[in-house]
Structures are given as C-alpha cells and as structure tokens.
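Novice: Sequence:
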Amino acid sequence: MATKSLKARHDELAITNRQLEILNGGIFAEGELPYFKDKIAQIGHFPLRPKKLEILQINVGYMCNQVCEHCHVDAGPDRKEIMTRETMSQCLEVIRNTGAHTLDLTGGAPEMNPDFRWFVEEAAKAGIKDFIVRSNLTIIRANKKYYDLPEFFKKHNVHVISSMPHYTRGKTDKQRGEGVFDKSIKALQELNAVGYGMPDSGLRLDLVYNPSGAYLPGNQAAMEKDFKKALMEDFNIQFHNLFAITNLPIARFLDYLIASENYEDYMYALVDAYNPAAVQNVMCTNTISISWDGWLYDCDFNQMLDLKVASKVKHIKDYNEDLLNDRNIIISQHCYGCTAGAGSSCQGTVTN
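For the record, in the sequence shown the residue sitting at position 41 is 41 according to UniProt numbering, with numbers rising by one throughout.
These aren't lab readings, by the way, just hints derived from the structure by calculation. All residues carry an ideal CB built from backbone N, CA and C; glycine is no exception. Don't take every hint at face value.
Stated by the list, open to error - Just the calculated beta-carbon pair ranges, DEER-fashion:
1. Asn24 / Trp118: 34 to 44 Å
2. Asn262 / Thr168: 17 to 27 Å
3. Lys154 / Lys80: 37 to 47 Å
4. Met198 / Arg18: 38 to 48 Å
5. Asp293 / Asp148: 25 to 35 Å
I would like the entire structure built from these sequences, with the hints used as guidance.
Specialist: The structure is reproduced here in structure tokens:
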C-alpha cells in the first residue's frame with residue numbers, strides 16, 4: 001500500500017502525457033487492439049457528442065486522508081491542490097443558471113477543503129434536484145471536526161455516495177489501507193443513525209464498489225444483494241443502492257497494472273467486454289467536470305489526464321452552456337473502461 005501520491009514520489013506517471021503515451025502506444029499503436037475512436041466509429045458514434053447537460057461534477061481538491069491503491073485522482077494527504085472560494089463563487093454562479101439538475105462534489109476527500117461547508121450551504125440554496133457529495137467514509141471518523149458531518153449532510157439534504165470496496169475487512173483494507181474497513185463501518189452506522197439509507201428515507205445513501213484487482217466488476221444488481229445481506233447481518237447497516245464502477249487505467253491504477261504486469265491483459269479484457277449499447281449513455285455525454293482550479297473537462301477521468309474540453313470555453317469563468325453543448329468529446333483508450341460490460345459511470349452501470 002502506497003503512502004504517498006505518484007506526484008510526491010516524482011513518479012513518471014504523475015505526468016499526464018506519459019500516461020497518454022502508454023494508453024495510445026504499445027498494443028494499440030501496433031494494431032493488436034483497436035483504438036476506441038475506431039470502435040465507436042463502427043456504430044456511428046464518432047465523434048462522440050454531448051446530449052442535454054444534466055450533471056455538474058466539481059472536484060474541490062485532490063487532498064485526501066487516504067492513499068488508495070486504485071485511485072485515478074492520485075489523491076492523498078500530500079496533495080495540496082484545493083479549490084479557492086473565488087473559484088467556488090464562479091461555480092455557484094453557473095449552478096444558479098445552468099440547466100443541470102445534479103450537482104456532484106468530489107475530491108480527494110471533498111470535506112477536507114476548508115471552504116467545503118460554506119460551498120455546500122451556498123449551493124444548497126440553488127435548488128439543485130440531486131446534491132451529491134462523494135465521501136470516502138473514513139473522513140467522518142478522521143478528526144473531531146468531521147464528527148458532525150452526518151448531521152451537516154442531513155441538514156442540507158445531501159445525497160451521500162460512499163466508497164466501500166467490499167463488505168469484508170480483508171478486501172477493503174487491501175485496497176484502501178489498514179483500518180479503513182472498521183472506520184467505514186462506524187461511519188455508515190452514524191449515517192444510518194441520523195436517517196440515511198433507511199428504506200423509506202429521502203436521505204439517500206449509496207455505496208460504490210471498485211474491484212480490488214485487475215478485473216472487471218461483476219453484475220451490479222447481484223453484488224448489491226450480497227452487500228445488503230452482509231452489511232445488515234453483520235453490522236445492522238442499511239443503504240439504498242450499490243454502484244459498481246470499473247477501474248480505469250489512469251494514475252495509481254495504471255501504476256498498479258504496470259507494476260503487476262497486468263496492463264496488457266487488463267486492456268484486452270476491457271476491449272473484449274466492449275458493449276456498443278453502453279456508448280450512448282457514458283457519463284461524458286451528460287456531464288461537465290470542473291477541476292479545483294476551474295478548468296472544464298468532459299468527465300472526471302479526462303480531468304485526471306488533463307484533457308480539457310474541445311471548446312472555446314475552457315474555464316468556469318467563461319462558462320457558456322450553448323457553446324459547451326456544441327463540442328466533440330475528447331476520447332482515448334481509457335474510455336473502454338466506461339463501455340465494458342454493462343458500462344460504467346460515476347452513477348454505476350449505464351445499461352440494464
């Protein structure tokens with residue numbers, strides 16, 4: 001388990017261009033596997049174009065209290081990139097005027113941004129239909145100043161989506177670090193105690209599953225049943241939905257794949273599992289991703305590869321929804337991760 005980010009280790013994969021060289025070279029450049037653009041061209045979806053904007057996903061900083069093995073953000077305690085209140089104010093202006101119905105705050109651990117609570121309070125006033133905060137759970141138990149987060153989330157009717165790699169201690173701690181499972185269970189119990197995750201509750205609590213190795217997630221509905229049964233029987237924990245998300249070959253997961261000599265096998269698995277039916281519902285078609293410093297991206301994954309939107313409008317301060325809707329979506333081979341099997345997005349699978 002790494003204790004520092006790739007950036008802090010001065011690893012070559014901390015340079016996004018190096019990641020893109022790997023994704024565009026090797027087995028793809030040699031013709032062993034088809035480029036993603038050629039694959040979607042076969043079904044008339046190249047260039048990939050946006051549909052109606054529904055989701056604004058805002059990354060408020062890469063700082064995190066964990067250093068997870070699979071993290072495509074390369075987040076960690078040593079990452080100091082944090083969204084300022086000035087950029088948050090620019091985001092709030094867009095939130096008030098956008099046609100999007102969902103606001104999705106992510107990180108790192110978004111709660112570690114010093115202006116996080118101010119931003120949540122101001123954004124909650126904007127009348128967004130679904131207000132999501134992506135929490136790693138352990139942050140709720142990391143420090144006394146976070147202990148009241150369940151009550152804070154409840155006050156602002158925040159939809160909590162939480163990382164939970166598995167319902168067993170071994171698999172969770174393997175991916176996220178020793179002690180993470182027990183802290184996560186405690187945090188889930190505290191969220192349940194204020195009403196989150198209850199069957200008839202409007203306080204939404206969803207869990208996110210990422211595989212802990214170089215393989216694709218199983219059937220989302222079947223895993224949800226297993227998670228619900230195990231967490232209820234062992235810890236009396238309830239939640240609403242489980243989202244199964246495919247790990248994309250970016251940042252620390254790419255580093256893991258290369259170090260474990262699984263990169264080529266994993267890319268073959270992604271391409272073999274390619275599902276053309278998933279293409280039209282991938283997250284980049286209805287989402288704009290905003291980085292901690294206000295740059296605009298087609299999705300969170302493109303943000304981590306520094307692939308900015310192909311538009312005259314590239315920064316939140318110049319936001320123009322009409323211009324952004326008239327753009328081609330930037331793609332590369334990592335996009336196979338979002339179209340494998342039932343498809344994958346930040347909201348889980350995209351096909352039934």
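Novice: None of the hints should be skipped; say for each whether it holds.
Specialist: Cross-check of the supplied hints:
| no. | hint | result |
| --- | --- | --- |
| 1 | Asn24 / Trp118: 34 to 44 Å | 41 Å, holds |
| 2 | Asn262 / Thr168: 17 to 27 Å | 22 Å, holds |
| 3 | Lys154 / Lys80: 37 to 47 Å | 30 Å, violated |
| 4 | Met198 / Arg18: 38 to 48 Å | 46 Å, holds |
| 5 | Asp293 / Asp148: 25 to 35 Å | 29 Å, holds |
Consistency with the previously given hints fails for number 3 only.
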